[in-house]
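Student: Okay, here's what each chain looks like letter by letter:
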Amino acid sequence: MARRVAVAHTVTATVAAWIVGFVIFFPILWMAITSFKTELEAFNTPPSFLLFQWTTENYATVQERSNYLHHAPNSIIIAGGSTLVAMVIAIPAAWSMAFVPSRRTRDILLWILSTKMMPAVGVLVPIYLIFRDLALLDSRIGLLCILCLSNLPIVVWMLFTYFKEIPKDILEASRMDGATIGRELVYVLTPMAVPGIASTILLNVILAWNEAFWTLNLSTSEAAPLTVFIASYSSPEGLFWAKLSAASTLAIAPILVLGWFTQRQLVRGLTFGAVK
Amino acid sequence: MGSITLQDVRKAFGPHVVIPGANLQIEDGSFVVFVGASGCGKTTLLRMIAGLEDVTSGRIMIDGANVVDVPPARRGLSMVFQSYALYPHMSVRGNIAFGLKMAGLPRPEIDRKVDAAAAILNLTSYLDRKPRELSGGQRQRVAIGRAIVREPKAFLFDEPLSNLDAALRVQMRQEVTRLQRQLKTTAIYVTHDQVEAMTMADRIVVLNAGSIEQYGTPLELYERPANLFVAGFIGSPRMNMIERETEQHRGAATIGVRPEHMTVSRDGDGWSGTVRAAEHLGSDTFLYVDTPEIGSITVRCVGELGLGEGDSVRLRPDPTRIHRFDKSGTAIR
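Protein chains in written order, with numbering that gives the first Met the number 0: chain A, 0 to 275; chain B, 0 to 332.
Possibly wrong hints are sitting among the right ones.
Said to hold, decoys possible - Simulated pairs of lysine-lysine, PhoX-like, Cα-Cα distance not exceeding 25 Å:
1) B/Lys152 - B/Lys112
2) A/Lys163 - B/Lys152
3) B/Lys129 - B/Lys183
4) A/Lys115 - A/Lys163
5) A/Lys167 - B/Lys100
6) B/Lys152 - B/Lys100
7) A/Lys167 - B/Lys183
8) A/Lys167 - B/Lys152
Claimed, not checked - Simulated DEER-style distance windows between Cβ atoms:
9) B/Arg128 - A/Thr11: 39 to 45 Å
10) A/Leu148 - B/Asp68: 37 to 43 Å
11) B/Gly13 - A/Trp17: 37 to 43 Å
12) A/Lys163 - B/Gly309: 32 to 38 Å
13) B/Ala166 - A/Thr189: 52 to 58 Å
14) B/Arg128 - A/Thr189: 34 to 40 Å
15) B/Gly38 - A/Pro194: 31 to 37 Å
Keep in mind that the hints were calculated from the coordinates and are not lab data. All C-beta atoms in this analysis are idealised placements derived from N, C-alpha and C, irrespective of residue type, glycine included.
Using the sequences and the accompanying hints, generate a full structural model.
Tutor: In structure tokens:
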């Protein structure tokens with residue numbers, strides 16, 4: 000009896016999870032489908048779901064009009080580079096706050112996070128002027144810096160919560176075993192923190208890849224990543240749903256693949272500390 | 000060599016004083032147990048000796064040299080943690096070898112020492128396993144192996160057996176004691192369990208609110224407790240403290256009589272009372288007796304007495320084993 004109830008529970012939970020998953024995934028699916036329609040078909044009401052004339056002409060047009068292979072490397076450099084720099088800064092920061100906390104550590108952490116509470120548009124003008132004066136507008140290095148800075152709070156917090164979970168006893172044991180701080184980091188802490196560092200890197204790459212506000216405002220062509228590539232299809236000449244969808248599908252494809260293969264790490268990173 | 004001396008060692012976290020000033024002399028090769036209730040500062044004191052906690056003031060001498068400013072890595076001590084604190088990503092061999100590797104010993108020598116330590120602790124067949132593949136007792140032995148392999152000046156044990164079940168604890172207690180006698184290395188062992196303290200120690204330090212109440216051999220503490228705290232802490236069941244005036248007082252503010260130092264009879268002289276509850280353990284009987292004269296008294300009798308709830312009894316303390324304390328709680332000798 001109890002067993003049957005348990006099975007029913009499992010089935011209900013599974014069905015519910017699939018429904019929720021489908022609802023969340025639906026916009027992406029819809030976008031992918033729309034990218035294979037003609038512009039006319041894309042505007043049809045009621046919309047056709049699968050029974051329409053499938054075409055790949057949008058992809059051809061998009062590639063012809065704006066070179067995907069110019070924007071994709073920019074996205075890779077900006078997302079990858081900003082993540083790398085953020086890690087170099089955040090690992091030692093999180094380390095010291097997790098293992099050698101001072102009376103002000105809590106305040107510093109909150110202060111770091113508070114910068115995320117400010118709407119980015121509030122500092123757009125000063126940042127724009129600084130970028131102009133430093134000749135950083137439409138440069139990869141400029142975008143790399145701004146994305147690194149804007150994601151740094153999240154990276155520090157993620158690593159901090161992760162490091163916090165590492166028992167202090169183990170570090171102290173290595174100290175008693177004669178390890179210097181440097182060796183303690185290399186031989187004991189880093190191997191234990193690898194899963195946390197990996198999931199932080201992944202999440203940060205995704206955040207940087209999808210970041211649209213700064214990339215749209217601070218770049219035009221040379222350094223423009225894929226976000227600019229997508230945005231160019233929502234233009235004054237009118238909306239091109241099918242081409243916009245094709246561009247978006249192309250833009251998210253690499254990160255979707257990355258996310259698919261690393262989903263276990265990602266989920267672990269996002270829920271870390273939530274469940275003991 | 001491993002003699003350890005504490006001179007006026009003080010510890011405060013901001014305005015909160017944890018250790019108001021400890022003085023202690025631990026001789027080379029002895030097994031000293033710090034015992035006290037939780038929060039009494041025993042672990043803090045141990046961590047200060049280890050170097051994991053800063054000393055607010057005072058001196059800690061190891062073999063005559065003040066080590067207060069020496070980092071833990073260079074004090075030549077090794078520690079066994081309550082949580083075992085094994086390196087989860089290393090094999091048992093890696094765990095035991097880590098300290099030797101840090102010391103820069105050549106590989107063949109490391110292997111030889113690890114194998115020797117593993118043999119002593121019956122870990123030879125587990126050397127390639129990860130800590131998560133071991134039972135609690137085996138993990139504890141790895142932690143001990145990691146401590147002994149470095150041949151330290153002293154071992155520091157921080158409640159190492161408290162995560163083990165009762166049977167294993169008794170076994171490990173004996174193993175640790177045997178190992179320490181064999182290696183003749185100074186050991187400081189922190190516990191809240193007075194049975195561990197009494198059975199393992201050469202000398203016991205009883206701590207209360209960060210102060211050392213008494214330092215002595217187990218039997219000294221049992222037979223001549225320095226004050227009310229030690230009298231109440233050592234011995235199970237607890238010593239009976241009698242504050243009401245009786246003919247045995249002889250000028251003391253409080254007298255203490257251990258439950259096992261009283262004789263019980265159905266009639267005769269002595270304090271009269273009624274048995275409120277009786278616990279029959281077979282080997283012993285614990286009687287909880289209410290007396291109109293001196294309050295509630297616990298008595299421990301050897302064997303089975305056939306006394307039960309509601310029976311009237313007479314209690315006679317052994318006059319040579321009455322402990323007397325003055326108003327401040329200090330023993331009168």
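Student: Each of the hints needs a verdict: does it hold here or not?
Tutor: Against the structure, the hints:
{"no.": "1", "hint": "B/Lys152 - B/Lys112", "verdict": "17 Å, holds"}
{"no.": "2", "hint": "A/Lys163 - B/Lys152", "verdict": "32 Å, violated"}
{"no.": "3", "hint": "B/Lys129 - B/Lys183", "verdict": "30 Å, violated"}
{"no.": "4", "hint": "A/Lys115 - A/Lys163", "verdict": "22 Å, holds"}
{"no.": "5", "hint": "A/Lys167 - B/Lys100", "verdict": "21 Å, holds"}
{"no.": "6", "hint": "B/Lys152 - B/Lys100", "verdict": "18 Å, holds"}
{"no.": "7", "hint": "A/Lys167 - B/Lys183", "verdict": "30 Å, violated"}
{"no.": "8", "hint": "A/Lys167 - B/Lys152", "verdict": "24 Å, holds"}
{"no.": "9", "hint": "B/Arg128 - A/Thr11: 39 to 45 Å", "verdict": "41 Å, holds"}
{"no.": "10", "hint": "A/Leu148 - B/Asp68: 37 to 43 Å", "verdict": "40 Å, holds"}
{"no.": "11", "hint": "B/Gly13 - A/Trp17: 37 to 43 Å", "verdict": "55 Å, violated"}
{"no.": "12", "hint": "A/Lys163 - B/Gly309: 32 to 38 Å", "verdict": "58 Å, violated"}
{"no.": "13", "hint": "B/Ala166 - A/Thr189: 52 to 58 Å", "verdict": "39 Å, violated"}
{"no.": "14", "hint": "B/Arg128 - A/Thr189: 34 to 40 Å", "verdict": "22 Å, violated"}
{"no.": "15", "hint": "B/Gly38 - A/Pro194: 31 to 37 Å", "verdict": "35 Å, holds"}
Against the hints set out earlier in the document, violations occur for numbers 2, 3, 7, 11, 12, 13 and 14.
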